[in-house]
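For this one, chain A is given, so just place chain B with the ligand on it according to the hints.
Residues per chain, in single letters:
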Amino acid sequence: MSTTTNRVLPEGLPAPSQDGLARPYWDGTRQGRLVIQKCRGCGRHQWGPEWVCHRCHSFDLGWEEVAPRGRIWSWQRPHHPVHPALNGHTPYTIVLVELPHADGVRMVGNLICAPDAPVTIGAEVEAVFEPHDEADPPYTLVQWRVRGG
Amino acid sequence: MSERTLRGKVAIAGVGETTYYRHGQSPDAEFKLALQAILAACRDAGIDPREVDGFASYGDDRSDGPRLAASLGIRELRFSNMHWGGGGGGVAAAVANAGAAVHSGMANCVIAFRSLAQGQFARYGRSRTGAAAVGDDAFLAPYGLMSPAQRFAMKITRFMTDHGIRHEALRAIAMASYHHAQNNPNAVMRGRPLTEEKYDASRWIIEPFHRLFDCCQENDGAGAVLVVPADRAKDLPHKPVYLLGAAQGGHHRSAAPVHNAPDYASAHFKTVAKNLWEMARLGPQDCDVVQAYENFTGGVLLSLVEHGFVDPARANEQLVLENLLVGGTGTMPMNTSGGNLAECYMHGLEMVNEAVRQLRGTAINQVAGANVVAVLGGPMVTPVSSLVVGTEAAL
Ligand SMILES: [Zn+2]
Numbered sequence: 001m002s003t004t005t006n007r008v009l010p011e012g013l014p015a016p017s018q019d020g021l022a023r024p025y026w027d028g029t030r031q032g033r034l035v036i037q038k039c040r041g042c043g044r045h046q047w048g049p050e051w052v053c054h055r056c057h058s059f060d061l062g063w064e065e066v067a068p069r070g071r072i073w074s075w076q077r078p079h080h081p082v083h084p085a086l087n088g089h090t091p092y093t094i095v096l097v098e099l100p101h102a103d104g105v106r107m108v109g110n111l112i113c114a115p116d117a118p119v120t121i122g123a124e125v126e127a128v129f130e131p132h133d134e135a136d137p138p139y140t141l142v143q144w145r146v147r148g149g
Numbered sequence: 150m151s152e153r154t155l156r157g158k159v160a161i162a163g164v165g166e167t168t169y170y171r172h173g174q175s176p177d178a179e180f181k182l183a184l185q186a187i188l189a190a191c192r193d194a195g196i197d198p199r200e201v202d203g204f205a206s207y208g209d210d211r212s213d214g215p216r217l218a219a220s221l222g223i224r225e226l227r228f229s230n231m232h233w234g235g236g237g238g239g240v241a242a243a244v245a246n247a248g249a250a251v252h253s254g255m256a257n258c259v260i261a262f263r264s265l266a267q268g269q270f271a272r273y274g275r276s277r278t279g280a281a282a283v284g285d286d287a288f289l290a291p292y293g294l295m296s297p298a299q300r301f302a303m304k305i306t307r308f309m310t311d312h313g314i315r316h317e318a319l320r321a322i323a324m325a326s327y328h329h330a331q332n333n334p335n336a337v338m339r340g341r342p343l344t345e346e347k348y349d350a351s352r353w354i355i356e357p358f359h360r361l362f363d364c365c366q367e368n369d370g371a372g373a374v375l376v377v378p379a380d381r382a383k384d385l386p387h388k389p390v391y392l393l394g395a396a397q398g399g400h401h402r403s404a405a406p407v408h409n410a411p412d413y414a415s416a417h418f419k420t421v422a423k424n425l426w427e428m429a430r431l432g433p434q435d436c437d438v439v440q441a442y443e444n445f446t447g448g449v450l451l452s453l454v455e456h457g458f459v460d461p462a463r464a465n466e467q468l469v470l471e472n473l474l475v476g477g478t479g480t481m482p483m484n485t486s487g488g489n490l491a492e493c494y495m496h497g498l499e500m501v502n503e504a505v506r507q508l509r510g511t512a513i514n515q516v517a518g519a520n521v522v523a524v525l526g527g528p529m530v531t532p533v534s535s536l537v538v539g540t541e542a543a544l
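If you're matching them up, the sequences are chains A and B in order.
First residue of the first sequence: 1, per our numbering; consecutive thereafter.
First residue of the second sequence: 150, per our numbering; consecutive thereafter.
No wet-lab data here; the hints were simulated from the structure.
The C-beta atom is built at its ideal place from N, Cα and C for all residues, glycine as well.
Facing chain A, from chain B, some residues (calculated, C-beta under 7 Å):
1. A282
2. V283
3. A287
4. A290
5. P291
6. S296
7. Q299
8. M303
9. T306
10. I354
11. I355
12. P406
13. H408
Now the in silico label distances, taken between C-beta atoms and shown as ranges:
14. A:G12 / B:R192: 48 to 56 Å
15. A:E65 / B:P411: 18 to 26 Å
16. B:D209 / A:I121: 32 to 40 Å
17. A:S58 / B:Q174: 50 to 58 Å
18. B:P411 / A:A135: 31 to 39 Å
19. B:A178 / A:W63: 45 to 53 Å
20. B:R463 / A:C42: 35 to 43 Å
21. A:G12 / B:Q174: 27 to 35 Å
22. B:Q174 / A:R30: 47 to 55 Å
23. A:I121 / B:T480: 28 to 36 Å
One chain only, chain A, in its complex shape:
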């Protein structure tokens, strides 16, 4: 895996804390797998991670791999750099991706696209795992690109 090339955003943004409740998710991303909470009580997925199932109140929340694809539910393209690391690196595109095969949970990531590319709500996207191997501790982000795009 490449360590520094093909990143959507520049170095210097906050790294994700990989502690506690969300640990299995981050472990999954390191292996190129999308792993989210699935309740052993009612069998439904939920995201983001929480200690209890919001549907059946079971604390027995397992973690399951889900297919790394979805649909763009909404999007935005920031131009104003809200963090010093982003100076000179805007605009970039953020998407909210819905996973219909996982009870419609949604995830936030960057869309890998040209800065002026049109974005279509409902477009099919697939996950692209973006490793940050040099970070301490290393972590992997989940980015998105339009399928067949």
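Just chain B with the ligand now, kept in the frame of chain A:
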């Protein structure tokens, strides 16, 4: 059993505010600004500040009630209340919480306030650097999603795309605030009118619906209102402004983590607005004036829709400048002192003060014969809150 309501039970007897400053320009410390606004509200109400026995605020206000009570020599503190949630989501709730305390007999004379000299602390529109992102932010900040504008933008994108609402509707919202501010000597943006050309030429903050003028500024200042039982308000100098309805909260899982609220493209007022109108026994058609909190103009659109002021199918026709102004042909005069965008970003407290002035008949841009005013608090956060206030004629 008697009806459980605040309708007509409590009144705003006094309003106070400081000079409003551009971000970082206050010569006074934030706590001193709070004291100034509170003393002004007491003076306005003709009540000795030592008689105040409670404080209610929101947005993690740094001027804490017990310190205020000690500084002002308050005889007895009976109510101290901080409403959960950031920004101005709690502005109407703070007034309502003060009202609930007064009506329930927990306190007699409660200040609801907001003090903000953000320049003396961290800015909202800039992220902190260095630390690892925890909690929800772990799934957002590494992707460059950090600011309040970014937290809400995708709600607005989705709603406006679904309903075919044009950016010009948001431009009208911004222009109404700037227009009204031009007559207001305490408005930060007085002397800086906003034209269509200036708006259209302003830089993108976030595509597709946030230009510079769609976004609130940051300001320094403080505002306060004094809430007393309705009976008492009758004996005070000003015409009483009655609380007719108040509601706060959010719909089912509106605060779900990582942008997973089931009904996402929302300002979170859907259930709140229903409760508000039920308590007020009024609807949007009964309001003479609307004060709608602008953190971002897209949020105002969502607020107006969810409170029933605007029909999404007709938003492009309803949200035009002429319809939002005082004194013309407008059917929905809005943000009549300049709002968050152009009077002062005092997290909406300035809008409560303006609602009171409209009902007293003393506003700078006065809506003739205003008897009912709605104040829609900060949208898209959770919890949100809104209130309806009115004159005796509206009881
Ligand atoms: Zn369950």
